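Protein sequence lines correspond, in order, to chains A and B.
With numbering that gives the first Met the number 0, letter number 371 in the first sequence gets 370, and the count goes up by one each step, no holes.
With numbering that gives the first Met the number 0, letter number 128 in the second sequence gets 127, and the count goes up by one each step, no holes.
Derived by calculation from the structure, the hints in this document are not laboratory data.
Hints may be right or wrong, so weigh each one.
[Said to hold, decoys possible] Keeping only pairs whose Cα atoms sit at most 25 Å apart, straight-line, the calculated DSS-like set for lysine-lysine is: (1) A:300 x A:414; (2) A:216 x B:60; (3) A:429 x B:60; (4) A:44 x A:216.
Just so you know, these numbers come straight off a predicted model, no measurement behind them.
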Amino acid sequence: MKNPNTKVLIAAAVAAIAVIAIAAYMIFWQTSPETPPAAPPAAPKIKEALIIGTTDSVQSTLDPCEAYDYLGVNIIQNMGEGLFKYEPETAELVNALAVSYTISPDGMVWEIKIRTDAKFQDGTPLTAQAVVWSWNRTITLNQDPAFLIGDLIEKAEAVGDDTVRVYLKAPFEETYVKSLLATWVAFPVNPKTSPMEVVEPPGTLDMIGPYKLGSWKPGEYIELVENPNYYGEKPKTPRIIIRFYKDAQSLRLAVENGEVDIAFRTLSPADIKDLMEKSTLQVVAGPGIAPIRYMVFNLNKEPFNDKRVRQAIAYLIDREQIVNTVFMGKFAQPLYSLVPIGFLGHKDSFKERYGSKPDIEAARKLLTEAGFSEANPLRMELWYTPVRYTPAEPDIAALLKQQLEASGLIKVELKSADWATYRTLMREEKIACWLLGWYPDFLDPDNYVRPFYHSSANAWLHVHYENPEVDRLIDEQVLQPTEQRIRTLENIQDIAADDAPIIPLWQEGQFAVAQPNVKGIVLDYSQIFRYFLLYAEVQG
Amino acid sequence: MGLKEHILYRLALTPLMLLVLLTLVFVLMRVLPGDPITMLEGKNIPEEVLARRRAELGLDKPLHVQYLNYLYNVFVKLDLGVTALERVPVGYFIAARLPATVDLAIAATIVALGIGVLMGILSARYEESWFPQFARVYSSIVYSIPVFYLGLLLQVGVARPSGLPTTGRLSPVNMVLLDSLPVKTGFVLLDSLLNWRLDIAADYVAHMLLPALTLGIYISGVFTRVTYLSVGEAMVQDYTRAARARGIREWKVVTRYGFRNALIPLLTMAGLQVAALLGGAVLTETTFNWEGLGLLVYEGVLKRDYAIVQGTVTIYALIVAIVSLVVDVAYSLVDPRVRY
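With the rest of the complex left out, here is chain A (with noise of 0.2 Å):
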């Protein structure tokens, strides 16, 4: 054997290092995106297609009678209108489809005109008759989200080919209706080419709105393109493609290295933080309003079954410390009811029932009465999911121990799961105490309220809620003129607070991140993230 030759290994080493550098060299000259333009710089132009990357992916399909995820329904209001829509910016509810209504005088009969210049994606003129059979179809269909227009509509017809005559369940109040006429699920779809069954990927329906449906690959990437026939303004970039990222961190990279144009649903607040500080992105805001984050007692259960005890954890919980140390004091704000900031009847029960502070003395008696001691703490456990809501949900968990430790009476023990076990303990009632979030189907305090303390609509919840004082308010708000309905809705929320069989804690911001040529970025109370609005200038 020869003696080792250090010669050789440190050539071979060198040559490595060699060829694995002109590879590297070779791809990024292949790749890079600051290969320098050949042509003088000219006037901007608005770039063609834009970017958009999300952890978020599309649930089921594409069809309006079943969509029901976040995604998945953000992508048909991009796709299609309904007789009502939120305005960009204020969100106020105007005409989109529809260009006048009436109410007869008893609230029952609803008589709407619709524009007779909208036309679908392959030409066809939109009619009364359109609207009324799409809207029996999402009936008949009877999917996930159905609801939403099925328990308000008892009948509709067409008068003629420009007015939709609509029959109510019940005399809801003015606004109520139109929201529930802006979903997703009422949108109009073409009669000749839609099937009365569900359409499933990669397919979806001809509707009335600035995009159609380009390519979809499930898993990967939606395309979508600029619909010729849409009767609006056009949208500012012809041509969008979302791209699906498994979780945070990925979706981090991608916009940190230039691959999205606009990381837009979720990045941790962390990352937002640091992307904000020490990069060129831009970070957009905007009202933190929809999503809500609550923590449940499953009122069966003991020691939860004591409504003492509840309250002594609301008198426990400091909103602001898990704000100001887990969002930054900027992603998100506390929540003292269920009902958000900036809806109609939003009232602070929370704070009003057991201040804005801690409240460790009141706690503590509380505690004392139903019988726990230093020497017999409550002993609990208190369960999240790792990563359905935020990545930081680990952190959140780790605070709200140490603020119920902090009355010296409670020794919580935190325990987590993935959705779909977490989902399964709720519902065979194996947990007690659990975190969970809240996404509304549509922008009205009802969908804050009746599915969470109506006893016929909180079974999904297993919190086992039940007051008539309160299912009678709930039915009641609906059917009551504005100034009343608000009246009626924070007495709701006053119960619901004193009662405490859910403790609301923060509503989360809604952020984007994006590269510093994208404009257009708005969100707002509507929760819609409007693609049409969208666009980038890049040197021409």
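Knowing the structure of chain A, use the given hints to seat chain B on it.
Chain B alone, transformed into the frame defined by chain A:
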């Protein structure tokens, strides 16, 4: 038993192996809490709608009926079913994702063999230097390091400063473009070359660099050890001594006489590594958002989509069965002493 009989025997065993595996996966998925429809819960969807969705998927039937139905569909109708929520045929996803995993596996094997063989030969050649110790430590570290951690290190340490792509197979614009090109095989590199789109090919190679390095480094340790041991063993045999005595240069002795000795063990190891590659691919694909079968099965488990998990595992099992059969046959071609 002749070679032909051996192949037939192995092929006959494959359905049996699939049956055992599918039964295992069927049971494991059902033991996990939740079912595909659980993903829809957490909204106020009426209970009767959820019950109907479960019935549509046959989840309301007793487990043994579900099991028999599934086996009937797979073995008799050759139908892997549809995904639970989107109702897309599982075959569609597998056809779309399999080429990505095959590409990654091939690239990773090239990286692993490149690193492994080079380090193994150098270790044997410079037996008494520091290099064999270094190679030994390297092998132990890369074999024991969690592959997703290695991926993250490369993402943060290499990709972020250099601007190399870290996620996906192509930039989004090229993904859409590729799907609109006329010639389609599903293999991105092949498709981009057949359509003469070198820009897409370069984009693909750039995207593949880090995942292939991650997975390649992960399995290179085994190849390093195997090459080193086999070449080292040959280097003290009489025939190599005789070669040296004839004045043949040491490098030639190592590569010509020593390395040939390592071919059979390397081939065996490459065959055995297919399972490790596919396992490692799940984590590598998850780390790099590489849309292959690994990412598909990961998402399938999270969504409790039984059809996706069962379908993907079936394909995995078939790949492993076929590759090990090919390796067996290749033995007899490389080494005439091997007989069945």
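So which hints don't hold here, by number, going up?
When the structure is compared with the hints, numbers 2, 4 turn out to be violated.
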